Every structure is written in structure tokens, then in C-alpha cells.
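Enquirer: If you want the building blocks of each chain, they are given just below.
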Amino acid sequence: MTSLTLVRRIRARPQIVFDAVTTAEGIAQWWGPDAGPVLLSESDPRVGGRYRVRFRMLGSTEHESSGEFLEIRRPERVVLSWRWKGGLEDPGESRIEITLRAVPEGTELTLTHSRLHDEETRSSHEKGWTGSLDKLEAHFAAGALA
Amino acid sequence: MRIILSHVVNYQERLTRTFAALVDPTRRAILARLERKDGVSISELAEPFAIKLPAVMKHLDVLDGAGLVTRSKSGRTVTVRLRSQPMREAVAWLRRYEHFWSGSLDRLAAYAASQETQARNRGR
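Quick note, the sequences are listed as chains A and B, same order. So for the first sequence, this note's numbering puts the first residue at 248; every next one is plus one. So for the second sequence, this note's numbering puts the first residue at 2; every next one is plus one.
Don't take every hint at face value.
[Unchecked claim] Chain A regions said to be covered by chain B (calculated; three or more residues, Cβ under 8 Å):
| no. | stretch |
| --- | --- |
| 1 | 268-277 |
| 2 | 285-294 |
[Stated by the list, open to error] Facing chain A, from chain B, some residues (calculated, C-beta under 7 Å):
| no. | residue |
| --- | --- |
| 3 | Ala47 |
| 4 | Phe50 |
| 5 | Ala51 |
| 6 | Lys53 |
| 7 | His100 |
| 8 | Phe101 |
| 9 | Trp102 |
| 10 | Ser105 |
| 11 | Leu106 |
| 12 | Leu109 |
| 13 | Ala110 |
| 14 | Tyr112 |
| 15 | Ala114 |
| 16 | Glu117 |
| 17 | Gln119 |
[What the hints assert, rightly or not] Computed spacing ranges between beta-carbons, pair by pair:
| no. | chain 1 | residue 1 | chain 2 | residue 2 | range |
| --- | --- | --- | --- | --- | --- |
| 18 | A | Arg324 | B | Arg84 | 38 to 46 Å |
| 19 | A | Ala349 | B | Arg82 | 24 to 32 Å |
| 20 | B | Thr80 | A | Arg330 | 42 to 50 Å |
| 21 | B | Arg96 | A | Arg297 | 22 to 30 Å |
No lab work stands behind these hints, which were simulated from the structure alone. Treat the numbers as computed from the prediction; the structure is a model and nothing was measured. Backbone N, C-alpha and C fix where the C-beta goes; we use that ideal spot for every residue, glycine too.
Generate coordinates for the entire structure from the input sequences, incorporating the hints supplied.
Expert: This is the structure in C-alpha cells:
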């Protein structure tokens, strides 16, 4: 199963980071890969509650993702499902897990985005697909063929 | 808009073909060989594999269909070369989420730090 994990140290206490991650006001401030604006942010941060975010990238393309809060424990852990609207970019549902740990300078945030290729796994009808994808990713991440 | 949509669909089809081609270990081994030495004849390419030439030809058809290799004929020799564009697209696809989260978390860190400063200034 292909997944992605990132760790960041943030100069803010876990409660503040947690609220920035889960509330609509917070999400509107940071969601999206570049300085493009968040156009819509809705969030109901409780188990079973939903969120929806639409953002515009600097290249002017708009994207919307939404999902459900699967687990929520302030201020240390939140698990979300994720799906792109329209499904053209990635038709499956993936999972985001964020854990927050208090450290002397503030918070250590660990984000894991997993189940990135469920749809392809189902549709490929071939065993070992995700395993080979992982190997492939490791192989080509080294810059081969670049 | 129709043009953009069709571009997206073609992109998806290309990705599907690329990943389908890469599922097979023999095909990955063929690509790895071409990566070390590009522009080899089919018989030379087939030599280290414990399969017959027609089977190698079939694998090359799949790789060719995905745009991962090109074949050119000169006299009686067919030369196989690597094409890296579909692979670059596949890797870029895999890295989209990394790009998304890396940028988002940078912004989150800056925002939360400013919220922390504000909270402290309010004496909390």
C-alpha cells in the first residue's frame, strides 16, 4: 500500500495546531500546495462529521476534496477520509492520519496519507500491483530516468 | 473546456497504460536493462531472459503501447530504445500528494505559529 508520511515541527502548542487543522477557519488559512486561495472551507470536527475544501492553485486550476472525520481526539490525533471531487485526478478514497505531540518548541506533527491507490488496485486485477508500485517508486525516486 | 477534459482523460489513460506495463517483473527487467544500456537489438535484449523471443516481443508490444520504448528497424535489426516521458508522468503522479502536503504543512506551520504569538500577547 503506497503511503506518504511527513513530519513537521511547529512553533505553537498542540491545542492551537489541532484547531488550525480541524476548524473551517483554520483550514481556510493553509489548505493547498501553493499560495493560491482557499475558496470554500466547511468542517464539522466530530466523529462522523464531514469537511469540504475547495482551493485554487496559482496556475488557476480549482480542486475540491471532501471527506469524513473518522477519529478525533483533541489535541493529539485526527483521522480523515479524503476524496477528490469529480474523481478524475484520483478516483479512490484515501485516508489522512495526523498526530500531534508536544515538544519543547511547540508541536511535532506527523501526517500520513495512505491508501492512495485503492481504486487502481481494484481495477488492475493483477496481484502485486501495489507492491511493485512501491518498489518502482523507490527505484525512480533515486532519480533514474529523470 | 472540452479540450482540457480530453487532455485529462488522455493523461489518465496514459497513466493506466504505464502502470499496467510496469506491473510485470519481466517488463521492469527489460526497462532496467535499457536504462543501463540504451539502443539494443531485440535478440541482445532477450538474451538474459529465460523466455522465448516471441514472449519478449509481446512484452515489447505492451511497453511500446505505453510509450515506454520505441522500436526502429534498420535492415534486419530492430533496435529498442527507452522513452522516459511516460515514466516521468507516472513519478509526477506519485509525487502530487507529497507536493500538496509539503506546501500545505508549510502554510499550516506559519499560521499556527502566528496564532500562538497572538494567544501569548493576549496573556494566555
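Enquirer: Taking the hints in turn, state whether each one holds.
Expert: Going down the list of hints, with the structure as the test:
Counting residues of the stretch 268-277 of chain A whose CB lies closer than 8 Å to any CB of chain B gives 4, which reaches the minimum of 3, so the coverage claim holds. A stretch counts as covered by a chain when three or more of its residues have a beta carbon under 8 Å from one of that chain; for the stretch 285-294 of chain A and chain B the count is 0, and the coverage is violated. Taking 7 Å as the C-beta contact cut-off toward chain A, the hint placing alanine 47 (chain B) at the interface is violated, the least distance being around 22 Å. Restraint check, phenylalanine 50 (chain B) versus chain A: the minimum CB separation of about 18 Å is more than 7 Å; hint violated.
Below 7 Å, beta-carbon pairs count as interface contacts, and alanine 51 (chain B) has none with chain A, the closest being about 19 Å; its hint is therefore violated. Annotation: lysine 53 (chain B) was flagged as interfacial toward chain A, and the flag is violated, the nearest CB pair being 22 Å apart, outside 7 Å. A distance limit of 7 Å between C-beta atoms decides the matter here; for histidine 100 (chain B) the minimum to chain A is near 5 Å, and the interface restraint holds. Interface hint at phenylalanine 101 (chain B): satisfied, since its Cβ lies 4 Å from the closest Cβ of chain A, which is below the 7 Å cut-off.
For the restraint placing tryptophan 102 (chain B) at the interface with chain A, the shortest Cβ-Cβ distance is roughly 5 Å, inside the 7 Å limit, so the hint holds. Interface restraint check for serine 105 (chain B): the shortest CB-CB distance to chain A comes to about 6 Å, inside 7 Å, so the restraint holds. For leucine 106 (chain B), the interface hint holds, the least distance from its beta-carbon to any beta-carbon of chain A being 5 Å, beneath 7 Å. Look at leucine 109 (chain B): its Cβ gets to within about 4 Å of chain A, closer than 7 Å, so that hint holds up.
About 5 Å separates the beta-carbon of alanine 110 (chain B) from the nearest beta-carbon of chain A, less than 7 Å, and the hint is met. The closest approach between the C-beta of tyrosine 112 (chain B) and any C-beta of chain A is roughly 4 Å, which is under the 7 Å cut-off, so the hint is satisfied. About 4 Å separates the beta-carbon of alanine 114 (chain B) from the nearest beta-carbon of chain A, less than 7 Å, and the hint is met. The interface hint given for glutamate 117 (chain B) is met, as the beta carbon of that residue sits about 4 Å from the closest beta carbon of chain A, less than 7 Å.
A distance limit of 7 Å between C-beta atoms decides the matter here; for glutamine 119 (chain B) the minimum to chain A is near 9 Å, and the interface restraint is violated. The given range of 38 to 46 Å is respected by arginine 324 (chain A) and arginine 84 (chain B), whose C-beta atoms sit roughly 45 Å from each other. For the hinted restraint 24 to 32 Å between alanine 349 (chain A) and arginine 82 (chain B), the CB-CB distance of approximately 55 Å leaves it violated. Our hint of 42 to 50 Å for threonine 80 (chain B) and arginine 330 (chain A) holds, since their Cβ atoms are close to 45 Å apart.
For the hinted restraint 22 to 30 Å between arginine 96 (chain B) and arginine 297 (chain A), the CB-CB distance of approximately 28 Å keeps it satisfied.
Going through the hint list in order, the structure does not satisfy hints 2, 3, 4, 5, 6, 17 and 19.
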